[in-house]
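Taking the hints into account, I'd like the entire structure generated from these sequences.
The lines below spell out each chain.
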Amino acid sequence: MDTIILSVIVVGITGMVLGAFIAVAAKKFAVELDPRIDEVAGMLPGANCGGCGFAGCSDLAKNIVEGKAPAGRCPVCAAETVEKIAAYLGQAAEKKEKMVAVVLCSGTLSNSKMAAGYNGVLDCRSANLLNGGGKACRFGCIGFGTCARTCKFGAIEVIDGLAVVHPELCVGCGQCAEICPRKMIKLVPAAAPVHVYCNSLEKPVLRRKKCAGACISCRKCVKAEPEKMSSQGFMVRVNYSNAPDASIVEKAQCPAKCLLTPEEHLKAVRDGIKKNEGAA
Amino acid sequence: MSEENNTVKLPEPGSLIVSSSPHLHENSSISKIMLQVLLCLLPAVLAAVWFFGLPALKVMVYCVAFCMLLEYLWCRLMKQKSTLCDFSAAVTGLILALNLPSHSQWWLCAVGSFVAIIIAKQVFGGLGQNPFNPAAVGRVALLIGFTGPMTTQWVAPTPGAFVGAFDAVTTATPLTLAKAGAFQATTSATPLSVAKNCAENVDPFAALQTADSYWNYFIGNMGGSLGETSALAILIGAIGLLAFRLIRWEIPVAVLGTMAIFTWIVHTTSPSTTPGPLFHLLTGGAMIGAFFMATDMVTSPLTRRGCVIFGAGIGIITCVIRIWGGFPEGMSFAIVIMNALVPLIDRFCFKRPFGWTHASGGAK
Amino acid sequence: MSLNEWLVITIGAILVNNMVLARILGICPFLGVSKKLSTALGMSGALIFVMTLASFAASVLYNCLISVKHSIPALGLRNVDISFTRILLFIVVIAALVQLVEIIMQKFSPTLYGALGIYLPLITTNCCVLGAAELNVNANRTVLGSTVFGLCSGIGFAIAVILFASLRERLELSKIPRPFQGAAIALITAGILAMAFMGFSGLVK
Amino acid sequence: MNSTQKVVKFRGGVHPREGKELTASRELRIAPLLEKYIVPIRQSIGAPPTLCVKKGDAVKKGQRIAEPGGFVSVPLHSPTSGTVGDVVEIIGVTGAAEQAVEIIADGQDEWGAGLDPIPNWENTDRELLKKRILDAGIVGMGGAAFPTHVKLSPPPEKNIDTLIINGAECEPYLTADHRLMLDRGEAALIGASIAAKILKVDRVFVGIEENKPDAIQKMTELASKYKINVVPLRVRYPQGAEKQLIYALTGRKVVEGGLPMDVGCVVMNVGTAAAVHNAVVLGEPLIERITTVTGSPVADPANFLFRIGTPIRKALELCGGVTTPPAKVIMGGPMMGFAQSNIEVPITKNSSGVLLMAPEEVEQFMGNPCIRCGRCVAACPMNLLIPQLSVMVEAEKFDMAEHNYVMDCMECGICAYVCPAKRPLVQHFRRAKAEILAKRRKK
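Residue numbers (this note's numbering), protein chains in the order written: chain S, 1 to 280; chain W, 1 to 364; chain B, 1 to 205; chain H, 1 to 443.
The hints are simulated quantities; they were obtained by calculation from the structure and are not laboratory data. All C-beta atoms in this analysis are idealised placements derived from N, C-alpha and C, irrespective of residue type, glycine included. Keep in mind that the hints are not guaranteed to be accurate.
To be verified - Per label pair, the in silico range of CB-to-CB distance:
id, chain 1, residue 1, chain 2, residue 2, range
1, S, Leu-206, H, Pro-325, 21 to 27 Å
2, H, Gly-367, W, Ile-236, 33 to 39 Å
3, S, Ser-231, H, Pro-155, 49 to 55 Å
4, B, Ile-91, W, Leu-77, 43 to 49 Å
5, S, Ala-20, B, Ala-74, 20 to 26 Å
Said to hold, decoys possible - Where chain H lies over chain S, by a calculated footprint (3+ residues, C-beta under 8 Å):
id, region
6, 116 to 127
7, 131 to 139
Quick look at the structure:
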């Protein structure tokens, strides 16, 4: 019993003395911190993808709380999360549309003609400084997969020398579009069901010489849905502010098989390899 | 004009290769370097076979085979291109073998090879990425894990007696060794262990430091690991290494120089603590460590200054362990410890680019 | 104490019985803050400071308060042994010290504070700080001896963690197979380093 | 004359196989007129010039077809008389797409009313001479294509005391400068004297590598008339690199990020010096240059006097084509030249050579890991820690690489030349430099 009493006294007094010390120190060296930053950071995805342009999620949280960035700056967040953050901070959330990246190119190795053999670093950005890799087309995908390595979400796969975005995995952070040396990965509304898978600005005759998958600029699709497709020079694109629905594929009957839904495009790319293997 | 065009042969479009400059390359490759190292190890191998007979050859074959097998299996497992052809596994295996006692069992070789190839090299990403010298790590692991077989079961050298040496294997117990009679205390254990055991005597090293024994140490007529014994053979190999430009001379010079100075100071201040510098240089792993293990390209510093610091560190740590530590030999420990320091050394022996001045560097 | 005993304390704490590599204490900050050399340096500094101070404080506390037999006639207590409370008291002291370091660091070096992150509060319950205090008790060291031991253990930790951090910076650049990335390769490296440090065993008894 | 000038050894360097014997002793040939020239519009560092002729315009030989786009920019001249064709997009020397103008020759090859010769340049105003060099469109012909008039206009606070004429030609295989010194040595020396007058310097060196004894002898004989020292240099690549050359001749080190003028030197290629002579004394703008066409697959390798805008295809036809299909066509020398993907690429003002390499001569780069053998460290003339730099670039740690002075790399290619693992080091460093520059520009 004696032991217990004394122990309690000794430990208690020591604790109190030290506690007092800390209390004084905490007062003296106090640092103001905004507790909201941690809260907001907790709501963000925490992937630190850098898609917002800040150094990671907690940095974005700091900037959102300080009002230097809008609550919807994170490209990855779902709309509900943005609303939650805005509500927490007492701001009005702006609506944002979900975007996905898309590689507008059909230049698989099976489709492409090679201008030269490439011997060097297998990285798009390095290759771009050196004749742009081996493929003849200078507008299409180089295919060394720098975007795939950059993607934090594993949404890009390089199949047969062509980067393909899996829209169901893509969160639209835009890092791939940023890193692509040809700047040919586009961020488009996820709602757009079809894309024209060719990025070339060359004359159709020239581009068909270089790539069997190139758009031939026949404009059948534009004629089918004039409002919902756009063409500039020789380049035909889906009008992403007023996207057509998937039925345009049927209507247009694209002779180059360039106007496709992402699923059809993926299948075509995969089939290309099989065909090649069959031929070999 | 067009007729002429038809007769003139020009490069086909699409047949050309584009690559970054330069378009000329020196005639060298990794496998060539490794083969040159193997060639330089040949004198040591021959010396080991001469002194320890066929069992020594067996140990070397085991180690090289296990190392190459493990490398091959790893590449298969990781679905990589096989890296057997660069011969780096063979070099590791052979150096490991030269660090083992002559009558090592096959399982000792296997464990050492596993540690060297898998744990010290491949899990770090393979050739070029390993921060530690694989052979040194293999030996350190064996020294710690199997202290007995690694430090006590020495066999006396039997110069030239290849088959007789095999008999020693079958009866390799301390008893039979003692019964053979012809051996002196110096040969039934490595000279280093003797030095350690006798440290309490007044002049314990007299027997170890005669001109005769020095000659034996030099040519390798003493107990010890396969490659540790013959300083002569290692030196012949070292000439090859230097001639092939495979090593930087700064490292062995720094290692051996520091060891000599350090042991000289200790020896002169207190002769009963340790034998003189020559003894230390010629016995144990000093030579093979300084020339073949410390100089491993992957795990040594890049700059000259760094190499000197690296070598000096190895020398000092080796001597400290030899003189005061619990193990008779500290070379491989020292190498691994200094390997760990290499990134720091590289960082602080930073080279300034050509034309760098304090003014321009400071203004940055 | 003789020179030899001081050598045993210093060399022993720094090399032979290195806190991290031989006693395997303090592995959490060892692995946690060794990703970058700069944070490793900061952590080493903090830990040397805390260990020295904690060893000193704990030793004073132990020698003056805990190990003596207490008699307080006013409360009717006679010859009470409270040495069993020492771990409790050591933790209280260490925790208070770490809190103090943390508060001061947050004020004067917010970047270092941010870089050390969770590992700073972890020193609070860190086994190597407590271990140093406990080892001092076991070895019956004087207050001065304990303080030097704490300092040297801290230096030993610093050597290990700085070496390790520089190695990891190099590993960061190498192509380590997927399954071994991160903690796996760090532990393997630490193991090899520990093996190498075993070469020092026998230097001091 | 003074060939006892003390020569300092620079650090590192290599001595690759020379290959110069293919063309060194062969006579300089003058390329015949072609039907069509493709003249890239941008041929120098700095602002691109703007085209001042339209499709269908008649042009005379030496007529200005593009105006300079700024101070660091030079005009462009028509290589022959004829009409202006399309402006086309071609794949340039570096592999990037660039604009070029076609000139369709009329076969007359008539000089237009261009520049007046200034035979007594000794008594002409320095500014006038400088303007002439600008008007003639002269750029550094050794490789970098830096506008020469800019080089000759150092800011007044820089005290220039040495002019170095670079005849080292350390690149293997190339002999264009060698032939130029043998055949037009006097022109180069007069050009050097003009440049020396513009810069107001007395000390002029001509540095020539010792593997060209005939050129050294010839130039020494000629130089006795002028106040010019011919200095034989150690045969060591990259002897002709600006910083190394200055160090070898004067013992001065150009600080990192600095220019030769910081240490009182101006370096000029012998070809550029000869072009200066032509522009001033003869009144001819820079429309032709000597280029080596060489390599083992070339049937009849030689040095040619080509008009600017001659495609490689035509150059090869003049050499009798190839005996075996080459694996690489390189514009420039083997150490720093650019591999071409097609043979339509035209010769520009800085094309010192067209080199073909047979498949058995070409060694492929491989993605082998660095074994830290340190050969590159020993050989790097800029003293860089290449093994560390290269792994940093591979891991895309460009900040780290910048701290480790990757920007000091001059892409001489020695590291990749000596690398036993055949790592594409130069490509790594080019990438790093490009990324770092892009980041700096963003700021």
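Tested hints:
| no. | hint | verdict |
| --- | --- | --- |
| 1 | S/Leu-206 - H/Pro-325: 21 to 27 Å | 25 Å, holds |
| 2 | H/Gly-367 - W/Ile-236: 33 to 39 Å | 36 Å, holds |
| 3 | S/Ser-231 - H/Pro-155: 49 to 55 Å | 53 Å, holds |
| 4 | B/Ile-91 - W/Leu-77: 43 to 49 Å | 47 Å, holds |
| 5 | S/Ala-20 - B/Ala-74: 20 to 26 Å | 24 Å, holds |
| 6 | 116 to 127 | holds (count 8) |
| 7 | 131 to 139 | holds (count 3) |
Of the numbered hints stated above, none is contradicted by the structure.
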